[in-house]
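Using full-length UniProt numbering, the letters of the sequence shown map in sequence onto residues 1 to 521.
The reader is advised that the hints may include incorrect statements.
What the hints assert, rightly or not - Simulated pairs of lysine-lysine, DSS-like, Cα-Cα distance not exceeding 30 Å:
1) 94 with 175
2) 150 with 87
3) 211 with 391
4) 135 with 273
5) 175 with 135
6) 94 with 211
7) 175 with 150
8) 211 with 135
9) 175 with 211
10) 286 with 273
Derived by calculation from the structure, the hints in this document are not laboratory data.
Bear in mind that the values here come from a model prediction, so they are computed numbers and not experimental data.
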Amino acid sequence: MLAYFFNESFKVEGGWTEHGKGETIWDRFSHEGHVFENQTTDLACDSYHKVDYDVYLLRGMMAPNYQFSISWARIFSTGHKESLIEKGVAYYDKMIDTLLQSGIEPTVTLHHWDLPQALQDSGGWENDSIVEAFKEFSDFCFSHYGDRVKTWITFGSPWVVSNLGYGTGEHPPRKVTILCLFLQVTHNILKSHAEAWHIYNDNYRNLQGGKVGIALNSDWAEPRNPSSDQDVAAAERYLNFMLGWFARPIFVDGDYSTVLKEQIEKKKDLCGKELARLPVFTEAEKQRIQGTADFFGLNHHTSRLISESLNSCDAGPNNVGDFQTHIDPTWPPTASDQIQSVPWGLRRLLNYISLEYTSITKVPIYITGNGMPTEYSGDVFNDTERVDYLKAYINEAMKAVLLDEIDVQRFTVQSLMDGFEGPQGYSQRFGLHYVYFEGADRPRTPKASAYYYSKVIERNGFRSAHLYFDIMKNNGFPLTEDVEMLYGHFPEGFMWSTASASYQVQSILTNETEFCLSYLL
C-alpha cells in the first residue's frame, strides 16, 4: 500500500495574478471580504515558487504519490484555450517532472472548486456551455501532461460546489437556492465529467495507459435509531442526496436514483408546490454518462446520525429529503464543528459503496482524501489528535480490505501542509506540516503527524502480526472483543498518498503497510 498526499491549487499556490493567471471565483470571494479576518488566496503557501521545497518535503516523508489539482485559470486565464498561458503550463510541467525525478507519482485533479471568474461571469456551472469549456480544458491537460500523469480525477468533491456554492451560498459564487439551481449545477458537472472521460478513453488511453475517475465526498449516514424503519429509510435518503446524486449516474445506470426522484415528487404532492426540480437526462446522455470512471474516489471526513423529519415544505436538501442530522456528543471533536472523529463510519461507507456502486462497474475504490483540522494557535506542532484520527481511520480502511474484502487500493491523507481553507481562511489547519503564514517566505515545519505518517510509510504500516491473523482466520477461530488489536498488511500494491491542501466538507444536508487492525463485531 503506497501512501498518498494531496493539495488543491488555490489553497497553496499563491501567485494569484502571476504571469497572467486569470482571476478565480475564490480570488474574488476572498477579496470581497467573505473569509476569516479578510484573509485571501493571494500568496497562500507560495507553492507557485516552491516546487523544489515542497517535493523535498515529500521525499523526506518517502511519499510514493502526490495528489494535486490544476488551476484552470492558470492554464487558460479566461477558461478557454485562446487564453493559454505558457508559463502557467510550465509551472505544472515543473511540478510533474520534479515529482517523477524524485520517484513520486503525480495524481492530478482537473477541477477542485476554483472556476475561472470569466466563466462564472458567463453563468458558471449553471450554463450548459460550460460542458464544452471543461471538455476543451481536459483535452489540453490530457494531451500535454498525460505522457507523465497516469491517474486523473475530473472533479474533487463536486457536491461542495453544488451545495455550498449554489445552495447555501457559503462558497463562491454565493448563490442561494432558488428552486433547484444546485440540481442544474450537478447536472452540468456530471455531463462535464463524462465528456472528459470519453475524451481520454477515445483519444489517449491506448497511448498513455492511464486512468480517469472522480472523487466524491460523503459522510456516512447512521440511523439514529437502528431499530426504526423510518430512521433507516431516512439514512438511505441522506446517502442518496449526498453520494448517490453523483455516484448512481456514473457507476450504475446513467440516471438519478429512484429514491431521489420519488422523494422529490412526494414532497411536491405533499406541499402543493415544487421544492426542487430534478433535471432529466436524455437516453443518449444516460448512455454517455454510465460507466465513466476507472475508479471510485472517496473523500471522507466524518459521519452523521440521521432521523426522519417530516412535514417541512421549505426548500433545501434536508427538508426535501425528510431527514435531520445529529451528532453523538461522545464523538471526539476537531477544530471544525462539522467534523468529528467517527472512524467506524469509514468502514461502513466503504461497504455501502461496494454494494451499491463498485460491485456493478467492478472498479476499485481510492480513498482520495481523509483528514481533520486542528486549531491555528496553541501547541500547533504536537498534533496528537491528528495522529489518533489517522491511525483510527486507516485501521478501519484495513478492516474493510482484510475482513470485508472490499477492493480499496489507495489511501490519501489531507494534507501535506496547512493551506487556505475556504471561508475559514488559515484559521483551521489540516496539514502534516505547519505553515507560518505571517512569514513572507511561508516556512514549513513538520508536525508530529508528519513524523508519524512517514514511519507508517517507511514500515508500510505498524508492527506485523498478520501471520497470527491468518492462522486464526484459516483455522476458524472467532475474532471477538478479546482480539481487539491485531496487526497486518494491506495487500501488495496498495497505494498511499498525501494531498497539497484539504477542506472541511460542511454537511448542509442537515445540518505495503502494516496496520493496526481492531476487529469490529
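Evaluated hints:
1. Among the hinted pairs, residue 94 with residue 175 is inconsistent with the structure: their alpha-carbon atoms are about 36 Å apart, more than 30 Å.
2. In summary, the hint linking residue 150 to residue 87 is supported, as the alpha carbons are separated by about 23 Å, within the 30 Å threshold.
3. At most 30 Å may separate the alpha-carbon atoms for a hinted pair to count; residue 211 and residue 391 meet this at roughly 29 Å.
4. Distance check on the hinted pair: residue 135 and residue 273 sit about 36 Å apart at the alpha-carbon level, beyond 30 Å; violated.
5. Taking the CA atoms of residue 175 and residue 135, the gap is near 24 Å; set against the 30 Å cutoff, the hint holds.
6. Taken as a hint, the residue 94 and residue 211 pair is honoured in the structure, with Cα atoms around 22 Å apart against an allowance of 30 Å.
7. As the CA atoms of residue 175 and residue 150 are separated by approximately 35 Å, the hinted pair breaks the 30 Å bound.
8. A hinted pair counts as satisfied when its Cα atoms are at most 30 Å apart, and residue 211 with residue 135 qualifies at roughly 17 Å.
9. With a C-alpha separation of about 34 Å, the suggested pair residue 175 and residue 211 falls outside the 30 Å cut-off, and the hint is violated.
10. The straight-line distance between the Cα atoms of residue 286 and residue 273 is roughly 28 Å, inside the 30 Å bound, and the hint therefore holds.
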